[in-house]
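Asker: Heads up: the sequence lines are chains Z and G, in that order. Everything in the first sequence is counted per the working numbering, starting at 1 for the first residue and increasing by one. Everything in the second sequence is counted per the working numbering, starting at 1 for the first residue and increasing by one.
Just so you know, these hints were derived from the structure itself, not from any lab. Misleading hints may appear alongside valid ones.
[Said to hold, decoys possible] Some chain Z residues close to chain G (C-beta under 7 Å, calculated; not the full set): (1) L26; (2) Q29; (3) Q42; (4) L44; (5) G53; (6) S54; (7) T57; (8) F91; (9) E106; (10) P111.
[Unchecked claim] According to the in silico footprint, chain Z covers these stretches of chain G (three or more CB under 8 Å from chain Z): (11) 31 to 44; (12) 76 to 87.
All values reported here derive from a predicted model rather than from experimental measurement. Glycine included, C-beta positions come from ideal geometry on N, C-alpha and C.
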Amino acid sequence: GAVVSQHPSRVICKSGTSVKIECRSLDFQATTMFWYRQFPKQSLMLMATSNEGSKATYEQGVEKDKFLINHASLTLSTLTVTSAHPEDSSFYICSARPGTSGSVNEQFFGPGTRLTVL
Amino acid sequence: ILNVEQSPQSLHVQEGDSTNFTCSFPSSNFYALHWYRWETAKSPEALFVMTLNGDEKKKGRISATLNTKEGYSYLYIKGSQPEDSATYLCAFGVWDSSYKLIFGSGTRLLVRP
Numbered sequence: 001g002a003v004v005s006q007h008p009s010r011v012i013c014k015s016g017t018s019v020k021i022e023c024r025s026l027d028f029q030a031t032t033m034f035w036y037r038q039f040p041k042q043s044l045m046l047m048a049t050s051n052e053g054s055k056a057t058y059e060q061g062v063e064k065d066k067f068l069i070n071h072a073s074l075t076l077s078t079l080t081v082t083s084a085h086p087e088d089s090s091f092y093i094c095s096a097r098p099g100t101s102g103s104v105n106e107q108f109f110g111p112g113t114r115l116t117v118l
Numbered sequence: 001i002l003n004v005e006q007s008p009q010s011l012h013v014q015e016g017d018s019t020n021f022t023c024s025f026p027s028s029n030f031y032a033l034h035w036y037r038w039e040t041a042k043s044p045e046a047l048f049v050m051t052l053n054g055d056e057k058k059k060g061r062i063s064a065t066l067n068t069k070e071g072y073s074y075l076y077i078k079g080s081q082p083e084d085s086a087t088y089l090c091a092f093g094v095w096d097s098s099y100k101l102i103f104g105s106g107t108r109l110l111v112r113p
């Protein structure tokens, strides 16, 4: 089946530091990857859509300078939380969609990253 | 703002009980409705993608129905087992600049042995 890995699974950092999270599709190529954030007892909220070789598309209210997304290859997208603050503490999860961006293909999810900013 | 609601928020049942939960979504501009199963410390796993009004899909003891006119989908689990314990998410598919999923907050199911 389609497997997506995410690294690290858990990170604790000091306020003001930057944290990079990797999302990899292990057995398929993903032209499109998605980054979500989940606060306690809330839904998965889409932050941005990452397209291989082009700029990410951010959802309303998500600061693109704060959450840097790079999708340099068909199997890897990274999310960097720059100058993290305690309010950025959350669960971040990625998904990857095989096939063309114009088709309704299933999204395959990574296991998520728990970020805690002290 | 598109709203996807799931109920109940959590459910505790005894092994062998059958159970069902609801996902409500906007009834206009429907494209697809997705169901996922999410076990703790694992990746969400796709269960169903439903596109047609009246659709009914089945996977083992789990089945789902879809009513796009009134904007709801039911997920049923027949004869729940402890391994069914997970959070069940539904997501409403929308076309924006690309195809995106709007998630409900999930139903957490705990099946007691």
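Asker: Work down the list of hints and note, for each, if the structure agrees.
Answerer: Structure-based check of all given hints:
A distance limit of 7 Å between C-beta atoms decides the matter here; for L26 of chain Z the minimum to chain G is near 11 Å, and the interface restraint is violated. Proximity of Q29 of chain Z to chain G is violated relative to the hint, the smallest CB-CB distance being about 17 Å (cut-off 7 Å). For Q42 of chain Z, the interface hint holds, since its Cβ comes within 7 Å of a Cβ in chain G; the closest pair sits about 6 Å apart. A cut of 7 Å between beta carbons decides the hint on L44 of chain Z: the least distance to chain G is about 4 Å, and the hint holds.
Hint status for G53 of chain Z: violated, given a least beta-carbon distance of 14 Å to chain G, over 7 Å. Among the interface hints, the one on S54 of chain Z is violated; its C-beta lies about 11 Å from the nearest C-beta in chain G, farther than the 7 Å criterion. Restraint check, T57 of chain Z versus chain G: the minimum CB separation of about 6 Å is within 7 Å; hint holds. Contact between F91 of chain Z and chain G, as hinted, is not supported at the beta carbon level, the nearest pair being about 11 Å apart and thus beyond 7 Å.
Restraint check, E106 of chain Z versus chain G: the minimum CB separation of about 5 Å is within 7 Å; hint holds. For P111 of chain Z, the suggested interface contact is upheld, since its CB lies about 5 Å from the closest CB of chain G, less than 7 Å. Taking a C-beta to C-beta cut-off of 8 Å, the region 31 to 44 of chain G contributes 8 residues in contact with chain Z, enough for the three needed, and the coverage statement holds. For the region 76 to 87 of chain G, the proposed coverage by chain Z is not satisfied: 0 residues have a C-beta within less than 8 Å of a C-beta in that chain, short of the threshold of three.
Figure legend: structure checked against the earlier numbered hints; hints not met, in rising order: 1, 2, 5, 6, 8 and 12.
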